[in-house]
Amino acid sequence: ELHTGDYCEASTAAVAAQQLERLRVAAVVGHELGLIVAAGHGLDYRNVHAVAGLDHIEELNIGHSIVCRAVFVGFEQAVVDMLIAMNGVES
Numbered sequence: 017e018l019h020t021g022d023y024c025e026a027s028t029a030a031v032a033a034q035q036l037e038r039l040r041v042a043a044v045v046g047h048e049l050g051l052i053v054a055a056g057h058g059l060d061y062r063n064v065h066a067v068a069g070l071d072h073i074e075e076l077n078i079g080h081s082i083v084c085r086a087v088f089v090g091f092e093q094a095v096v097d098m099l100i101a102m103n104g105v106e107s
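The numbering of the sequence shown is the working numbering, which starts it at 17 and goes up by one.
Any given hint could be a false lead.
As the list claims (entries may be wrong) - Estimated spans, in silico, between C-beta atoms of each pair:
(1) Val89 - Gly50: 35 to 43 Å
(2) His57 - Thr28: 29 to 37 Å
(3) Ile100 - His80: 13 to 21 Å
(4) Glu48 - Val87: 34 to 42 Å
(5) Val89 - His47: 32 to 40 Å
FYI, nobody ran anything at the bench for these hints, they're computed from the structure. The beta carbon of each residue, even a glycine, is placed where N, CA and C say it ideally should be.
Please construct the entire structure, taking both the sequences and the accompanying hints into account.
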């Protein structure tokens with residue numbers, strides 16, 4: 017699993033872009049090695065889209081964010097909202 021924390025906690029757009037590029041390269045290398053590449057840590061409804069769009073990442077671990085939102089809107093809606101965010105549409 018690729019740790020997305022540095023991307024999620026980036027203080028500027030430039031740092032976020034740099035961290036996203038590191039994730040992209042790591043996903044490519046993992047794929048070339050025959051690994052199933054997953055990513056997670058700190059992903060939420062605001063930052064998931066860019067990571068979800070990276071090639072070769074087969075799974076995202078986003079449990080905490082979904083559970084927190086589910087307290088207010090229910091699990092079904094929280095998952096629907098995350099799928100929308102992953103596709104780049106704000107919920």
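Hints versus structure:
{"no.": "1", "hint": "Val89 - Gly50: 35 to 43 Å", "verdict": "holds (39 Å)"}
{"no.": "2", "hint": "His57 - Thr28: 29 to 37 Å", "verdict": "violated (19 Å)"}
{"no.": "3", "hint": "Ile100 - His80: 13 to 21 Å", "verdict": "holds (18 Å)"}
{"no.": "4", "hint": "Glu48 - Val87: 34 to 42 Å", "verdict": "holds (40 Å)"}
{"no.": "5", "hint": "Val89 - His47: 32 to 40 Å", "verdict": "holds (35 Å)"}
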